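Novice: Protein chains in written order, with our numbering: chain V, 43 to 306; chain Y, 31 to 379.
Just so you know, these hints were derived from the structure itself, not from any lab.
Hints may be right or wrong, so weigh each one.
Okay, derived cross-link-like pairs now, DSBU-like style, lysine-lysine, Cα gap no bigger than 35 angstroms in a straight line [as the list claims (entries may be wrong)]:
1) Lys152(Y) <-> Lys172(V)
2) Lys126(V) <-> Lys152(Y)
3) Lys152(Y) <-> Lys219(V)
Listed next, with one range per pair, are the computed distances between beta-carbon atoms [unchecked claim]:
4) Gly57(Y) <-> Thr218(V): 53 to 61 angstroms
5) Ser122(V) <-> Asn122(Y): 46 to 54 angstroms
6) Gly333(Y) <-> Thr218(V): 39 to 47 angstroms
7) Glu44(Y) <-> Thr218(V): 26 to 34 angstroms
8) Arg159(V) <-> Arg87(Y): 49 to 57 angstroms
9) Pro113(V) <-> Arg34(Y): 34 to 42 angstroms
10) Pro116(Y) <-> Pro113(V): 17 to 25 angstroms
11) Ser191(Y) <-> Ser122(V): 25 to 33 angstroms
12) Asn122(Y) <-> Arg159(V): 29 to 37 angstroms
13) Leu110(V) <-> Lys195(Y): 27 to 35 angstroms
14) Lys84(Y) <-> Pro113(V): 22 to 30 angstroms
As the structure is a computational prediction, the values presented were derived from the model and not from experiment.
Even for Gly, the Cβ is constructed at its ideal location relative to N, Cα and C.
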Amino acid sequence: MSGKLSFKGFCIILAALFTAILFIAIAFLFFVPSPQEIWKSMTSPEMIFSLKLSVITAAVSSAIVMLLGIPIGYALSRFSFFGKSIVKSVIDLPMAFPELVLGLSLLLFFGNTYVSRSFEIIGLKIVFTKLGIVVAQIFTALPYSTRIIYSAFEGVNRRYELVSRSLGYGEFETFTKITLPLAKKGLFASTIIAFARCMGAFGAVLILAGGSYMNTETLPIALYLNMSYGNLGMAITSGIVLIIVSFIAIAIFEKLEGLNAVKS
Amino acid sequence: MLLRVENLSLEFGEFKVESASFEVERGDYLIIIGPTGSGKTILLETIAGFHTPKQGRIYMGNEDITSLPPEKRGISMVYQDYMLFPNMNVYNNIAYGLRKKINNDGEVRKEVKHIAKVLDIKHLLYRNPTTLSGGEQQRVAIARALVVKPKILLMDEPFSSLDVKTREKMRKLVKDVMKEYETTVIQITHDFEDVFVLANKVVIMKNGKILQIGTPDDIFRKPTNEFIANFVSTNVLRCRAVGKKGNLSVLNCNGVTLYTPDKSHGSVIVSIRPEEIIVSPYKIFSSARNILKGKIIDVIRRGNLVWLTVDAGIKLRTVITPNSMELLGIEKNKDVYLIFKASCVKVIG
Chain V
43 MSGKLSFKGF CIILAALFTA ILFIAIAFLF FVPSPQEIWK SMTSPEMIFS
93 LKLSVITAAV SSAIVMLLGI PIGYALSRFS FFGKSIVKSV IDLPMAFPEL
143 VLGLSLLLFF GNTYVSRSFE IIGLKIVFTK LGIVVAQIFT ALPYSTRIIY
193 SAFEGVNRRY ELVSRSLGYG EFETFTKITL PLAKKGLFAS TIIAFARCMG
243 AFGAVLILAG GSYMNTETLP IALYLNMSYG NLGMAITSGI VLIIVSFIAI
293 AIFEKLEGLN AVKS
Chain Y
31 MLLRVENLSL EFGEFKVESA SFEVERGDYL IIIGPTGSGK TILLETIAGF
81 HTPKQGRIYM GNEDITSLPP EKRGISMVYQ DYMLFPNMNV YNNIAYGLRK
131 KINNDGEVRK EVKHIAKVLD IKHLLYRNPT TLSGGEQQRV AIARALVVKP
181 KILLMDEPFS SLDVKTREKM RKLVKDVMKE YETTVIQITH DFEDVFVLAN
231 KVVIMKNGKI LQIGTPDDIF RKPTNEFIAN FVSTNVLRCR AVGKKGNLSV
281 LNCNGVTLYT PDKSHGSVIV SIRPEEIIVS PYKIFSSARN ILKGKIIDVI
331 RRGNLVWLTV DAGIKLRTVI TPNSMELLGI EKNKDVYLIF KASCVKVIG
């Protein structure tokens, strides 16, 4: 009995300790620099540029991620097709795959190949551009989102769809009228994760988009660049802004989800 | 002929159907009965168009519908767990299929109100389906499936998660509603009472194979193998309640008087399990209320049991061991007494 109790105590203390350290570390971010310094950095043109760039690219990327992730997640959940297990593992791969290596692979793929040339013909330049930021963010966030979308669809009993089909609705109508609304919660969660991942994407963005000052400088890259210049105030401020934006995003989505739940 | 299933085979997960063939006429109430895991549900889902068979064809009238998508078949489905859309209220659940067919809100409203009245769910129309009881959800699910006037209504164990009382009520209601809507029904069950009360055709399935097809009478009087005999062996009688004696009801079954503790009015269907009937060459005195004299008209040995059919004004099946048969000197045309307690006579419909 006492052995059990002390093990329970051990686990709880460990959990509490780790959480405390994490919170204190995050708090340091806010309290180490002086407020004036933060304010000065916050209003600097570089920071405003980074913030804008990050929010816009992350919003565009997470929208694309959801547009891609929903059909992919649905295919993986509902249909059996040739090579399904391969598709599944490819989607899982980047989770264990270092982001830097992902960026390098993307750079080589979009670099000086037929792919990049055919993109350039239609006026799209990916390497070392803002478009590159979006591409890198999509590849970073898609696996995470697809996973959540997949389990959201798995959570919808297939028989709802079958009943809808038998009542005269085709595959796509059934999907929009029954499956999507029933998977709503998971899709919201997936959007939040996608946005957070896109905001925080660093390694792949740095390599594919180049991380150049006031051009492809998203918030994580601003943090990195200022850190390496020894510009601690700017670096910390980037970190603070990143955290605030993430929290706001989560709050907005939860609010939206709450509103939706009330409506239905 | 409305629906013809021809030599249908498929596998889905751990369930399978092996060369199933049967036909359904317009207005039929066909019940597929069999133990759990016998492939009944996937057979139904294949008829609805949710699975592609590995082999075999399905015809609706003269049209081959084997590869027709479910939305084009005009076949509705009611599941055991109802599957009411949780993102819509009861009204919208019922109106869902109608809206696809009729582009007129007033018309839809009229149809929904009508079926809601028939199924006695008018007061539930603006409730959320998750707040309904099992019996209520069941009626909504049937309303939703029936309101589109399907060519065939499929029901997968529709009554199995209801309590006994609600189940009896639902059976009666379903019977009446199917008449009003002139619906052809294929229902799955593992409950024989459904067969007696509802079906005019029965399919017996086990391990993905159809063992016998026939009218309920065929199946119960002439089971073609031991599994069916054991599975369906209960005696089913149509009787009329004629009075009361103490707290027992007195039934008249084709001129024979039986006693039952179950409440009964008018015409009733009763079931007597064969193994609960005691067979004796002599009249014996006991506390059992039902004692009938009859002649053995059939003796069939199946496996390690002997099945007797005794004509005592009503035909009753009973089962004994070969040992007892020898001991009692049982043979065809011999007179015997059948003894069973009042509580063995169960009113099922």
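Novice: Work down the list of hints and note, for each, if the structure agrees.
Specialist: Hint by hint, here is what the structure shows:
1. Simply put, lysine 152(Y) and lysine 172(V) have alpha-carbon atoms about 59 angstroms apart, too far for the 35 angstroms limit, and the pair is violated.
2. Taking the CA atoms of lysine 126(V) and lysine 152(Y), the gap is about 47 angstroms. The hint is violated against a cut of 35 angstroms.
3. About 25 angstroms separates the Cα atoms of lysine 152(Y) and lysine 219(V), which keeps this hinted pair within 35 angstroms; it holds.
4. Our hint of 53 to 61 angstroms for glycine 57(Y) and threonine 218(V) is violated, since their Cβ atoms are close to 37 angstroms apart.
5. With their beta carbons about 32 angstroms apart, serine 122(V) and asparagine 122(Y) fall outside the hinted range of 46 to 54 angstroms.
6. Checked against the hint of 39 to 47 angstroms, the C-beta distance between glycine 333(Y) and threonine 218(V) comes to roughly 56 angstroms, which is inconsistent with it.
7. Remark: the range hint 26 to 34 angstroms for glutamate 44(Y) to threonine 218(V) is upheld by a beta-carbon distance near 32 angstroms.
8. For arginine 159(V) paired with arginine 87(Y), a C-beta distance near 53 angstroms keeps the hint of 49 to 57 angstroms intact.
9. Distance hint check: the CB atoms of proline 113(V) and arginine 34(Y) are about 38 angstroms apart, consistent with the given range 34 to 42 angstroms.
10. The beta-carbon spacing between proline 116(Y) and proline 113(V), approximately 23 angstroms, falls within the hinted interval of 17 to 25 angstroms.
11. Under the hint 25 to 33 angstroms, the C-beta atoms of serine 191(Y) and serine 122(V), about 30 angstroms apart, fit the expected range.
12. Range check, asparagine 122(Y) to arginine 159(V): about 53 angstroms between beta-carbon atoms, so the 29 to 37 angstroms window is missed.
13. Under the hint 27 to 35 angstroms, the C-beta atoms of leucine 110(V) and lysine 195(Y), about 53 angstroms apart, miss the expected range.
14. The hint said 22 to 30 angstroms for the Cβ distance between lysine 84(Y) and proline 113(V), and at roughly 28 angstroms that hint holds.
When each numbered hint is compared with the structure, violations occur for hints 1, 2, 4, 5, 6, 12, 13.
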